[in-house]
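Residue numbers (my numbering), protein chains in the order written: chain A, 1 to 372; chain B, 1001 to 1372; chain C, 2001 to 2372; chain D, 3001 to 3103; chain E, 4001 to 4103; chain F, 5001 to 5103.
Think of the hints as simulated: they come from the structure by calculation, not from any bench.
For clarity, every value in this text was computed on a predicted model and none was experimentally measured.
Keep in mind that the hints are not guaranteed to be accurate.
In silico lysine-lysine, DSBU-like type, Cα no more than 30 Å apart, as pairs [said to hold, decoys possible]:
#1 K2249/C / K1203/B
#2 K2097/C / K58/A
#3 K4023/E / K4073/E
#4 K249/A / K61/A
Which chain A residues face chain B? A few, computed with CB under 7 Å, are given here [said to hold, decoys possible]:
#5 G56
#6 L65
#7 V116
#8 Q215
#9 G222
#10 S230
The beta-carbon is built from N, C-alpha and C at its ideal position, and this holds for glycine as well.
Listed here are the chains, written in short residue letters.
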Amino acid sequence: MLTIPCATLCWHIPALFAVFNAEQLGRIVESLERNLLTPIPLCFVLGLICTQIHGGIKIPKELYLAIAIFLLMSIGFIGGHELAHEYQEHGISTIWKPALATLVLGCLTPITSYVVLHYLGRLSIADSAGIAAHYGSTSAVTYAVANSFVEQTQHPANSFLPTLVTILECPGIAIALVLGAALSARERATKASASGAPVRESKLGEALYEVMTGQSIMLMAGLLVIGFISTLFMDTKGFQPFYDFFQSKGMLFRGALCIFLLEMGLVAGERLGDLRKVGPFLVAFGIVMPLIHGFAGVYLGHLAGLNLGGCTVLGAIVASASYIAAPPAVRLTLPEANPTLSITAALAITFPFNIAFGIPIYFEMAKWVGAT
Amino acid sequence: MLTIPCATLCWHIPALFAVFNAEQLGRIVESLERNLLTPIPLCFVLGLICTQIHGGIKIPKELYLAIAIFLLMSIGFIGGHELAHEYQEHGISTIWKPALATLVLGCLTPITSYVVLHYLGRLSIADSAGIAAHYGSTSAVTYAVANSFVEQTQHPANSFLPTLVTILECPGIAIALVLGAALSARERATKASASGAPVRESKLGEALYEVMTGQSIMLMAGLLVIGFISTLFMDTKGFQPFYDFFQSKGMLFRGALCIFLLEMGLVAGERLGDLRKVGPFLVAFGIVMPLIHGFAGVYLGHLAGLNLGGCTVLGAIVASASYIAAPPAVRLTLPEANPTLSITAALAITFPFNIAFGIPIYFEMAKWVGAT
Amino acid sequence: MLTIPCATLCWHIPALFAVFNAEQLGRIVESLERNLLTPIPLCFVLGLICTQIHGGIKIPKELYLAIAIFLLMSIGFIGGHELAHEYQEHGISTIWKPALATLVLGCLTPITSYVVLHYLGRLSIADSAGIAAHYGSTSAVTYAVANSFVEQTQHPANSFLPTLVTILECPGIAIALVLGAALSARERATKASASGAPVRESKLGEALYEVMTGQSIMLMAGLLVIGFISTLFMDTKGFQPFYDFFQSKGMLFRGALCIFLLEMGLVAGERLGDLRKVGPFLVAFGIVMPLIHGFAGVYLGHLAGLNLGGCTVLGAIVASASYIAAPPAVRLTLPEANPTLSITAALAITFPFNIAFGIPIYFEMAKWVGAT
Amino acid sequence: MQLYPLKLVTVVGETVIMDDIAKEGQQLGASGYTLSEVVGQGSRSARNVIVGASKTMKCEFVVPMDLAEKILKHVSYTYFEHYACIAWLSDVQVVRGEAYVAK
Amino acid sequence: MQLYPLKLVTVVGETVIMDDIAKEGQQLGASGYTLSEVVGQGSRSARNVIVGASKTMKCEFVVPMDLAEKILKHVSYTYFEHYACIAWLSDVQVVRGEAYVAK
Amino acid sequence: MQLYPLKLVTVVGETVIMDDIAKEGQQLGASGYTLSEVVGQGSRSARNVIVGASKTMKCEFVVPMDLAEKILKHVSYTYFEHYACIAWLSDVQVVRGEAYVAK
Ligand SMILES: Nc1ncnc2c1ncn2[C@@H]1O[C@H](COP(=O)(O)O)[C@@H](O)[C@H]1O
Ligand SMILES: Nc1ncnc2c1ncn2[C@@H]1O[C@H](COP(=O)(O)O)[C@@H](O)[C@H]1O
Ligand SMILES: Nc1ncnc2c1ncn2[C@@H]1O[C@H](COP(=O)(O)O)[C@@H](O)[C@H]1O
Ligand code: NA
Ligand code: NA
Ligand code: NA
């Protein structure tokens, strides 16, 4: 069942770009304009500009963390709420296919990333695995921005998309870390024997556990369950204030997203100087890989029955790279990997690319594969 | 006037449990379900689970403090607003009795706690007085959760309940600390003479003053006055945005409460390991004492004319134990007292018990004593 | 063009106070009452009281910073939004005159302040220039409170006032610092030659750049542009949640302002003890200078065509003194200046004076010069 | 560069007592103090943790030897028995150190 | 005032390893540790910065000489190659210092 | 365990100058620095407090003796007169200390 879509996928990619050159480019540009000239990406741009002119905007770390917590809780809670409605209406019949597709994508993307980085880009085992861990996972903020985008185009995504974000968070990191640890075992074994310190060996298990019980997963999955249960057991009136607080179309979510993207712009801007250090291959990787992963997400999403908005958002989250859960896990398990490479690629290339150009492109891809 | 209700109270307690065994247990269970399966207690449970599986949720201290400030201001402001309405309609005729009842309860509960702990539980003077200071005061978050509960059951509490929270905050701590300091004077005198350091002697006054001008009291009482004055002097339209910001049924208050209870769950969860250290007596104390104090609150509240919701909430706040104002005051004045005992009892036993089971039980108690 | 209004201005000042003594005092008192008995100034008073009784309210620094960021973003965003409407309707015809008037005021007020401080008050060059930098700039929170005031009196200010706040932020600091650096050049030159350290010399440029790209300017001007662009390019429905989040009449802005003023009260209260240190001249300066600057703002605003609310708010922001952007800039460039003087004047005298008495007075002044 | 030999007294302990220690150090004659927030674990700290506030703080005094002894004595007599804390002394060479010797 | 000569081991490094270092120090025999958040720059730190968390931490141990050596050896072997960190030793005089010597 | 004797320079002062001090220390030759937020009081600090920002910071440099003197001299000439600050020196034994000696 899986080989066929994969084959079709490979067949589609060149066609995709051919078609894009001709007809849809105009629509993409228009879509870009509508996407870019809204407060969320503009706040990101403000952050970028601020770092370039050495301006004084400083978002306290605690505000950044507070907003991250709110966004994750919000995504989970509303996800659980919508899932409860979906479940009450359709059981799991509409959900299991997209969930499976997401799991498959979560397992494939770290491997495609690793292969491209190690064999095409000639990066070391540790660096390749480290970067693959970032691209195998996902970025909740990219989800939030993509979701805002499709809502603004009047094509809201299927209600259970937050569930898919949760599914996509872990497997990619886990697979890439295990891969990296296994492949670099010899190197590390020799070094460990020289220094007589077997301590580091044991940190893979620890790090995997930490990823799976990390803040992102715990908050999203936890609030998903809470949202699900309280939707089933509470009356609408009692539920309303919680819904108003967490809802993703509401002022709090959108406003918090503005401040968060301002900070992301500041952080990404500080990384822009590292672009020269990482070299042209990684820059290209940070743009082309998301397009390929994004198309895979859109395509499998369509096969699994997602609507136009759903395909777009799935494309965006598959295309996105983690910059919260992955870095410390990689740092602990693959200390030889240079964190500048992975964080610059994820944060200073792929994240802004997705926010500005990727999401409208996945939207057009989704239309093009026939999602409605 | 006071001896009669006290006597009746004692007479009622066994009857209470007898009746509960038979008929109302079903209603309590139902009520529990309706209470427990809502986001606020579920967030507490998520925090507990997170600590047990060593998950990665971390609420920055500053977010926790910010929410605490907001909740206290909110309780005070809306309290002052409602008090102004009550005052305009009825003068102080409806308020003075509940206020007096609360004051009486604030003075009695530290003493009952001390007696039970020292004579029944055979704890040292310092430990007994330290724990009594916690149980003599109250927990503003328990108030907020109880208030949400009665609003969800369509039995909102009397409008001046926040005033009662403010009244209940201080006396219990003050009485317990003075008691503890006086009773342990000999022990402390001998020690002080040996070391030649009379410094600590003077800290009781300091600590009492700090309790009375502490953050909780200042914010609640201060905003109560502000809410009162601005209700009297502002037109409705100008007042509206402030009301919307602070109102306890609104999304901000409820949402903030979710995040706060998540953190409380994390803190209580870290304390669960100490349950073994504190021993079975203190665990039983942390459950039974609130039931007794809660019933006293419900009963006196009913005598003082509170409605069904009001009796429930008064029961809950009398039953609750302070874990914000009391700990540092006790630590400074009774340094021999082991803080693990008091904080574990207040935070890991009584607080979750009240949130999950206590509040619905006080609600049934309130119905049973005839509140409407 | 400028000499005439200046002359008229000087002519008006004595007349102003003469008239105030007779007729309008009653209206000012009434206006004061309506202004003072609202949550925003009352929260400031609560903060003051708390410091005087050594109460325990502590606003975490990060909450304070988070609110400051939100307020600045909000002022900018709504300013940009309103500016876009104004621009669509009238082009720049209604805006250029008030903008020019504001720029003129921004250049004059540091000079008047310096002259009064150095020649009348006999303060040192450095101290005079340092304080002048504070009074030449503006306080965004005073703007927010003044704006709330005129909205509550049903005389909302012209929509482009936030743009004027942005214009007023920098020039005053820059002019005062350059003045101070130039005038104290000889003193500093001799000292520098003695110690052989030319390092400090170069910090003027740095400090000026830091003021012009400081947090206040970047956030206000940045969000102004973002608000402007997104108003032009987004449909109303998509824009709504951002508007709701940032809008200055909304609950978030008003509520955040309450907490901010509470903290301002705490900070100002801690400074009250310094009032004796700064001496009677500076106390008088901190009250009279704002009245003069405020009248200049009201008057020029009226000449430039602002409405009643607009004149009041322009008066208030010209009268206000910076206590965020100015202090570090002055500290770096004029280290001989005693920061206690400038901060006490700006924060413990002028800020509370404006909040409590100044704003209603500027409102009456605006009526009196004929603004409608 | 003229340097002046003095002592650095460092006290790490529960937050609840650290403000008092800083003030008492000044009362004993220290010209100033430097406080910072830390997180720590020791033999007693687990028992003494308090919720809702930073758990532990560090307080440093730059003082002459006799004053250092006085501060350490005071801290150890007053707080060591019931509060989680640790205190130590080290040698430092202070710039313009005369200013930090009690008048 | 009876003071006990011990060593103060200070390690400054990337946040991601500092919790482990603190725990490993205790496992090696330290009676406690004191952690604090710092910000730093060094020869490698620019390369190793991680987003979204405090970048650097400082960890201090008050221990006897032999244990100090053990901790420094462990830290230097395990972390110096791949992580940004620096470690040093200094002499301190500790109040009631016997308590901090491993049993 | 090979340890290298170096100096630890500690400067505590108003936040507004501490970033500059850290950078100037590096320019003079220090291989790195460690900054932390503290709260303090001294003879002048009350006068010099600035609102809205952390009031005081501590900056530490691990450097050889000659560089330590240079940094202290620079800091004392440039900042001691007008800014609230204190600076001192202590002896440390640094792991792989060669790395921190200016090339
Ligand atoms: N051996 C040690 N090394 C460094 N810090 C310590 C040590 N022992 C205790 N501390 C610190 O002192 C505080 C109180 O310690 P204790 O009184 O042993 O519980 C702890 O929280 C630590 O921050
Ligand atoms: N010479 C130094 N003086 C003080 N702190 C240093 C020094 N070198 C490095 N550090 C600290 O150690 C951390 C790691 O240094 P490095 O391994 O050199 O990148 C830095 O972030 C600094 O906090
Ligand atoms: N004797 C001292 N011991 C420890 N820290 C001090 C001492 N004197 C001053 N400081 C610190 O240095 C800063 C500036 O001190 P000063 O220049 O004396 O106002 C203060 O805020 C303290 O953090
Ligand atoms: Na991905
Ligand atoms: Na109680
Ligand atoms: Na001004």
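We went through each hint and held it up to the structure:
no.	hint	result
1	K2249/C / K1203/B	violated (47 Å)
2	K2097/C / K58/A	violated (34 Å)
3	K4023/E / K4073/E	holds (15 Å)
4	K249/A / K61/A	holds (25 Å)
5	G56	violated (21 Å)
6	L65	holds (5 Å)
7	V116	violated (30 Å)
8	Q215	holds (4 Å)
9	G222	holds (4 Å)
10	S230	holds (5 Å)
Checked against the numbered hints given earlier, this structure breaks hints 1, 2, 5, 7; the rest are met.
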